Amino acid sequence: MREACDLVVVGAGPGGLAAACRAAEAGLDVLVLDAQPEPGGQVWRGEARKGTNRLARRWLSRFSASGARFRPGARVVAAPEPGVLLVEEGSSSFAVRYGRAVLATGARERFLPFPGWTLPGVLGVSGLQVLVKDGLPMRGKRVVLAGTGPLLLAAAATIHAHGGEVLYIAEQASAASHWSFALQLWRHPAKLLQGALMSATLISVPTSTDAWVIAAEGEDRVESVRLSVRGREEQLQCDYLGAAYGLVPNLEVARLLGCETSAGAVVVNERLETRVPKVHAVGELLGIGGVDQALVTGELAGLVAAEQPIPIEMERTWHRVRAFAARLALHDAPRAELRRLATPDTLLCRCEDVPMSALEGCQNLREARLYARLGMGACQGRTCGTAAQTLFGWSGEDVRPPCLPARIGSLRLPSEVSSTHTRES
Amino acid sequence: MSAFDCVIVGGGIVGAALADVLSADGVSVALVEARSIGAGTTACGMGHLVAMDDNAAELALTSWSVSLWRELADGLPRTVEYDACGTLWLAADDEEMAAVSAKVANYRAAGVRVEVLDSAALYEAEPALAPGLVGALRVVDDAVLYPPLAARTFALRAQARGARLMTGCPVRELRPGSVVLSNGDVLTARHIVLAAGVASPSLCPGLPISPRKGHLLITRRGAPVVHHQLVELGYLKSAHGTDGASVAFNAQPRVTGQLLLGSSRQPGDATREVDAALLERMLKRAAMFLPGLDGLQALRVWTGLRPATPDGLPLLGPHPEKPWLWLACGHEGLGITTATGSARLVADQLLGRTSAIDARPYSPARFLTASSRETAHA
Amino acid sequence: MRETASKAVTLVTLRINGRAVTVPVGTSVAAALAMTDSFVSRADLSGRPRGPLCGMGVCFECRATIDGVPEVLMCLTPCREDQEVVTDA
Ligand SMILES: Cc1cc2nc3c(=O)[nH]c(=O)nc-3n(C[C@H](O)[C@H](O)[C@H](O)COP(=O)(O)OP(=O)(O)OC[C@H]3O[C@@H](n4cnc5c(N)ncnc54)[C@H](O)[C@@H]3O)c2cc1C
Ligand SMILES: Cc1cc2nc3c(=O)[nH]c(=O)nc-3n(C[C@H](O)[C@H](O)[C@H](O)COP(=O)(O)OP(=O)(O)OC[C@H]3O[C@@H](n4cnc5c(N)ncnc54)[C@H](O)[C@@H]3O)c2cc1C
Ligand code: FES
Numbered sequence: 001m002r003e004a005c006d007l008v009v010v011g012a013g014p015g016g017l018a019a020a021c022r023a024a025e026a027g028l029d030v031l032v033l034d035a036q037p038e039p040g041g042q043v044w045r046g047e048a049r050k051g052t053n054r055l056a057r058r059w060l061s062r063f064s065a066s067g068a069r070f071r072p073g074a075r076v077v078a079a080p081e082p083g084v085l086l087v088e089e090g091s092s093s094f095a096v097r098y099g100r101a102v103l104a105t106g107a108r109e110r111f112l113p114f115p116g117w118t119l120p121g122v123l124g125v126s127g128l129q130v131l132v133k134d135g136l137p138m139r140g141k142r143v144v145l146a147g148t149g150p151l152l153l154a155a156a157a158t159i160h161a162h163g164g165e166v167l168y169i170a171e172q173a174s175a176a177s178h179w180s181f182a183l184q185l186w187r188h189p190a191k192l193l194q195g196a197l198m199s200a201t202l203i204s205v206p207t208s209t210d211a212w213v214i215a216a217e218g219e220d221r222v223e224s225v226r227l228s229v230r231g232r233e234e235q236l237q238c239d240y241l242g243a244a245y246g247l248v249p250n251l252e253v254a255r256l257l258g259c260e261t262s263a264g265a266v267v268v269n270e271r272l273e274t275r276v277p278k279v280h281a282v283g284e285l286l287g288i289g290g291v292d293q294a295l296v297t298g299e300l301a302g303l304v305a306a307e308q309p310i311p312i313e314m315e316r317t318w319h320r321v322r323a324f325a326a327r328l329a330l331h332d333a334p335r336a337e338l339r340r341l342a343t344p345d346t347l348l349c350r351c352e353d354v355p356m357s358a359l360e361g362c363q364n365l366r367e368a369r370l371y372a373r374l375g376m377g378a379c380q381g382r383t384c385g386t387a388a389q390t391l392f393g394w395s396g397e398d399v400r401p402p403c404l405p406a407r408i409g410s411l412r413l414p415s416e417v418s419s420t421h422t423r424e425s
Numbered sequence: 001m002s003a004f005d006c007v008i009v010g011g012g013i014v015g016a017a018l019a020d021v022l023s024a025d026g027v028s029v030a031l032v033e034a035r036s037i038g039a040g041t042t043a044c045g046m047g048h049l050v051a052m053d054d055n056a057a058e059l060a061l062t063s064w065s066v067s068l069w070r071e072l073a074d075g076l077p078r079t080v081e082y083d084a085c086g087t088l089w090l091a092a093d094d095e096e097m098a099a100v101s102a103k104v105a106n107y108r109a110a111g112v113r114v115e116v117l118d119s120a121a122l123y124e125a126e127p128a129l130a131p132g133l134v135g136a137l138r139v140v141d142d143a144v145l146y147p148p149l150a151a152r153t154f155a156l157r158a159q160a161r162g163a164r165l166m167t168g169c170p171v172r173e174l175r176p177g178s179v180v181l182s183n184g185d186v187l188t189a190r191h192i193v194l195a196a197g198v199a200s201p202s203l204c205p206g207l208p209i210s211p212r213k214g215h216l217l218i219t220r221r222g223a224p225v226v227h228h229q230l231v232e233l234g235y236l237k238s239a240h241g242t243d244g245a246s247v248a249f250n251a252q253p254r255v256t257g258q259l260l261l262g263s264s265r266q267p268g269d270a271t272r273e274v275d276a277a278l279l280e281r282m283l284k285r286a287a288m289f290l291p292g293l294d295g296l297q298a299l300r301v302w303t304g305l306r307p308a309t310p311d312g313l314p315l316l317g318p319h320p321e322k323p324w325l326w327l328a329c330g331h332e333g334l335g336i337t338t339a340t341g342s343a344r345l346v347a348d349q350l351l352g353r354t355s356a357i358d359a360r361p362y363s364p365a366r367f368l369t370a371s372s373r374e375t376a377h378a
Numbered sequence: 001m002r003e004t005a006s007k008a009v010t011l012v013t014l015r016i017n018g019r020a021v022t023v024p025v026g027t028s029v030a031a032a033l034a035m036t037d038s039f040v041s042r043a044d045l046s047g048r049p050r051g052p053l054c055g056m057g058v059c060f061e062c063r064a065t066i067d068g069v070p071e072v073l074m075c076l077t078p079c080r081e082d083q084e085v086v087t088d089a
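Protein chains in written order, with our numbering: chain A, 1 to 425; chain B, 1 to 378; chain C, 1 to 89.
Hints in this document: simulated from the structure, not taken from any laboratory. Being a predicted model, the structure only gives us computed values, none of them experimental. Heads up, some of the hints might be wrong.
[To be verified] Derived DMTMM-like pairs (lysine to aspartate or glutamate); straight-line CA-CA distance at most 20 Å: (1) 322(B) with 332(B); (2) 103(B) with 118(B); (3) 141(A) with 84(C); (4) 284(B) with 217(A); (5) 141(A) with 217(A); (6) 278(A) with 81(A).
Chain A extracted, bound-state conformation (with noise of 0.2 Å):
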């Protein structure tokens, strides 16, 4: 099977959407694939369905306005050639020929090891999140946050909110950087509102800077956990624990189409071209910054896809949340304690289930591959890559095909794209 289309969009976050939004009203015809089941990525989950945020609200109704199509449940898995995608749609597959890209496949979160952290009830911060707006009954659960930022006040206002009793917030930013970061907030209004409508409902859950956990106990599933605070150990009984470090670029379909990156952000011009001919970047590819840096970008790209002009405004508003973003991205720094967790039987792959002693000997991500299987498991190694990074300083390895595992027949080619040779039925 086969798609064409003028652009094609891959994640349909509030990016995505943007960009689709705008290139669509100007005519393009805009292909729009997520591999969720609903548009509104990440920050939007479940609104779809919803619709209790105003902001998503108005995107998601814009962009069923717009012309655009959606792919739900559809997976990029490889670039076969310039402009031409391969996506897996549940049990089948297709192809899309495109002129113009904008990827907006957005961020996951940063998870780094300690002991215990491979139980069952051990999730993200906001990997718990989403699978409370999804539904996990958290009534009568007892939940412990541990990690940084906004996206910790975002998790507890979630599970609050569904019942859940959130006994400790434990921020590992230390107190000055925390407070200097939050008294920066008044200057980006959207986001000090975010700030305030959450302290307000989470008034009473006890929190910490200066702050982590250091293990996880329980049989077969987390029953408790171990909290340095400032300098103290507790202990805590609880039902769930979310723990992770921010987030990160989703970056590897960019890089399998040879995209520039530096820094762990997609490199683009002021027009949000990447190093890739007729290839945009927005959102969370260029750093970590939010939903305003995510609407404001993808607003720019699609603009530009549809050779737009781009009003002055919308350019300031760029630079203006690219000065939160810098912030955020201090802020959110792990400190040095949390790179200390793990002991030697710490899984660190947990895929291919390799502790922490065997990467003896190692010196970066490829020999800890070749020799210790790291990263050589399901994930690809989406998150021990992370956490080698931020532990090791070790740079991540080129992508190769396919981008996320995919069935062989998704990778095969189908007759229209390679015209000289033909697909067996």
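For this one, chain A is given, so just place chains B and C with the ligands on it according to the hints.
Just chains B and C with the ligands, lined up with the frame of chain A:
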């Protein structure tokens, strides 16, 4: 400046195996590797230890090498994943089956254990294969392993005997009696061995080694099991053309429960990118032999560059015009297999011993003397 | 408002490892897993239990066979009526 009996340039499986053998003989060795041990072509190879009978010299080196691997097997860590699964050469038609009897004679003459399977025996051994195959040749003692850890094991063994392991050290220049590193450091040595695989000509211009690119695909764990390394006999026809890209069905069971699929050959191609059209040809070919293939989960596709020589045999021995330089390179698609035999042949020559097999067919002099160059050009 | 209304109206029943689970429409299979006795999605290579980690299709901890299709991620799959989910646990 440090002094050694022997400096080996290149820590692929060939250089590492040589360091292992020489250090066991008490030779003081430095193994100098630009990046990491076993991270070059060795990390891209399939790890099929295979006796091949295209010609007498190839059969002599491969069958001896496979038996050397078997002797080593008990001493290898479990993570090297040595598995004596044997090879099944699959015959798709009567013509290919007819070729089997000649192969049987070749192998038996070389002391290699083989068995002919008729169609029924083949499907009993490998029920996952597509119907319609007429039989197979089973080479009993062939095996598979995980090449980068095999190379690392050799290197660490040599290190434990006192050899100097230098990784992250690109060599800039080879000189009579010394090797210059890119940071300007100089290592002196009585003997210098060039084992830099496909990069060897950059340190010794004029070597007849060119890249021959190959593609491989690995599945996730839990792929339906095949029990032998499976290769189509048609491989013999397709793999050895000198120009044009070719593909052949080649499937390997890993002890992890994964399936490793090959393979392709693109002479003269030194790029690293996956060639989607060639991958498609390779997968199409593989799907003809394994009908359920399209439903298996692919984890990754990659490429590697085989260091190919004009006659398919490696260069093992002294450089005829540079008596201070020894060559251990040009192993094409068989360097994992022949690393053990190659290491012995080079070590024996270096130490003035006789070898278990005749070293002359692999002598660099066949290409590198004035007269051999004329013949090659004629 | 809308949220409670839709929950009250529409429920679906699926089977996870043979056990019937009834959930509001829009619940993901990963979330529904917690309504069985355990939150275990698979066993690691030495048989220890694992559960969902990332909730967003990154970690592959939540893979299961869903309606006969292997290696489907439960966190990206909405529950449907009569769905058959078999985990690796
Ligand atoms: C769980 C979570 C909660 C968050 N909550 C907040 C919040 O409350 N406030 C805030 O300001 N920020 C929040 N963030 C930060 C968030 O990343 C940004 O605000 C915003 O969502 C970024 O938009 P985006 O369009 O760049 O990416 P995303 O919204 O992350 O969207 C990326 C989309 O791309 C899809 N995708 C990725 N790879 C592929 C592929 N190969 N094939 C097909 N589809 C693919 C994903 O499924 C996803 O839907 C949150 C992040 C996470 C992870
Ligand atoms: C797709 C594919 C499948 C294969 N399958 C098989 C198989 O099943 N069985 C089999 O027997 N063989 C197989 N092979 C062939 C086998 O992989 C090679 O023949 C073998 O790895 C060659 O080993 P080597 O040590 O000569 O080269 P390499 O492994 O490339 O080692 C050379 C080393 O030299 C280093 N180097 C280069 N330049 C310098 C410098 N200036 N200074 C210092 N160091 C330097 C490199 O970094 C490298 O590590 C396959 C090859 C490919 C590509
Ligand atoms: S929970 Fe991580 S992929 Fe589903």
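Taking the hints in turn, this is what the structure says about them:
no.: 1; hint: 322(B) with 332(B); verdict: 23 Å, violated
no.: 2; hint: 103(B) with 118(B); verdict: 15 Å, holds
no.: 3; hint: 141(A) with 84(C); verdict: 27 Å, violated
no.: 4; hint: 284(B) with 217(A); verdict: 49 Å, violated
no.: 5; hint: 141(A) with 217(A); verdict: 17 Å, holds
no.: 6; hint: 278(A) with 81(A); verdict: 13 Å, holds
The structure fails to meet hints 1, 3, 4 from the earlier list, while all remaining hints are met.
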